[in-house]
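Please build the complex by placing chain B on the supplied structure of chain A, with the hints as guidance.
These protein sequence lines map, in sequence, to chains A and B. First residue of the first sequence: 1, per this note's numbering; consecutive thereafter. First residue of the second sequence: 1, per this note's numbering; consecutive thereafter.
Wrong hints could be hidden among the right ones.
To be verified - With a Cα cut of at most 16 Å, we get these calculated EDC-like pairs of lysine to aspartate or glutamate:
| id | chain 1 | residue 1 | chain 2 | residue 2 |
| --- | --- | --- | --- | --- |
| 1 | B | Lys-41 | A | Asp-8 |
| 2 | A | Lys-49 | A | Glu-64 |
| 3 | A | Lys-49 | A | Glu-66 |
| 4 | B | Lys-66 | B | Glu-52 |
| 5 | B | Lys-66 | B | Asp-88 |
| 6 | B | Lys-41 | A | Glu-88 |
| 7 | A | Lys-49 | B | Glu-105 |
| 8 | A | Lys-58 | A | Asp-8 |
| 9 | A | Lys-107 | A | Glu-88 |
Quick caveat, the hints were computed from the structure, so don't treat them as lab data. These numbers come from a predicted model, not from an experiment.
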Amino acid sequence: AQSVTQLDSQVPVFEEAPVELRCNYSSSVSVYLFWYVQYPNQGLQLLLKYLSGSTLVKGINGFEAEFNKSQTSFHLRKPSVHISDTAEYFCAVSEANQAGTALIFGKGTTLSVSS
Amino acid sequence: GAVVSQHPSWVICKSGTSVKIECRSLDFQATTMFWYRQFPKQSLMLMATSNEGSKATYEQGVEKDKFLINHASLTLSTLTVTSAHPEDSSFYICSARDGRNGFFEQFFGPGTRLTVL
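Next comes chain B alone, as it looks inside the complex:
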């Protein structure tokens, strides 16, 4: 099956700093990637849809200037949390859509745990 990786898996940073999270599709090309946020013991909330070569589409209530998304290639999307604050601490999960089988199934990365002190 298709594999999606995320890096880093854990990150701890000081308040006010920026953190970049990478999402890679390892064995397929992903024209679309999605970024989700998950609070403890809660569901995944879609933050934005990232299409290769174009601007990301953000969900209502998600600050595009705070959560910068770049999908520069068919295998890499990055999420940068700018000027992070403790309330940004969360589990961030990406998924990538594999269009090879005609259905466009999504495959999820293992997630990145962000802790802002």
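So here's chain A without its partners, still in its complex pose:
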């Protein structure tokens, strides 16, 4: 079984500052990793995903994440945030190469961007 730990429940930052949202996972098998964003009263939007290959993954809205197998981490970064990035961010994991498995989500990190 897999599990996900998002190390920060809330991250307040000022506009145009860099941000890192931390995510660690646990699994005994190979995994796929994801970051999703959720705006209030909306569903989830995929920011980026790691399946295989390059450990640095670039996503939408200027976000990127780096897969670190030795540290079992998949931290999300953005060099300069905007007010519109204020939202809930979820890290998720699923077992690799298994079509029938669901995503396991972390508890989420609230990113609050202020001016």
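Then chain B, alone, in the frame of chain A:
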């Protein structure tokens, strides 16, 4: 990209009534759909996995008789909350797996807010 819709987006009902929520994959066939529940300011908790043409697989602690799931076609899964009570009030989100690209990526619906009075 693949689109998943949910209907209704908001529903308010009286305690004791049943509510049906639909999840549709609009431009792809989804052999597998998932139902999640999200409490305010919390993460998504998987309720059940729904496979077309077969019975849903429920997660531990989820009452299958209360949360009825039907996946009758490759584009539609329904979640019926039977005899709803205030503690069933929550945000319900479905996702559908698109197998066309070989990876079986999941796409999420916009969610349904259920309020039971």
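Each hint tested on the structure:
1. B:Lys-41 to A:Asp-8: It holds: about 14 Å lies between the C-alpha atoms, which stays within 16 Å.
2. A:Lys-49 to A:Glu-64: 9 Å, holds
3. A:Lys-49 to A:Glu-66: 10 Å, holds
4. B:Lys-66 to B:Glu-52: 20 Å, violated
5. B:Lys-66 to B:Asp-88: 10 Å, holds
6. B:Lys-41 to A:Glu-88: Status holds; Cα separation ~9 Å.
7. A:Lys-49 to B:Glu-105: 10 Å, holds
8. A:Lys-58 to A:Asp-8: 22 Å, violated
9. A:Lys-107 to A:Glu-88: Answer holds: A:Lys-107 to A:Glu-88 is near 10 Å, not above 16 Å.
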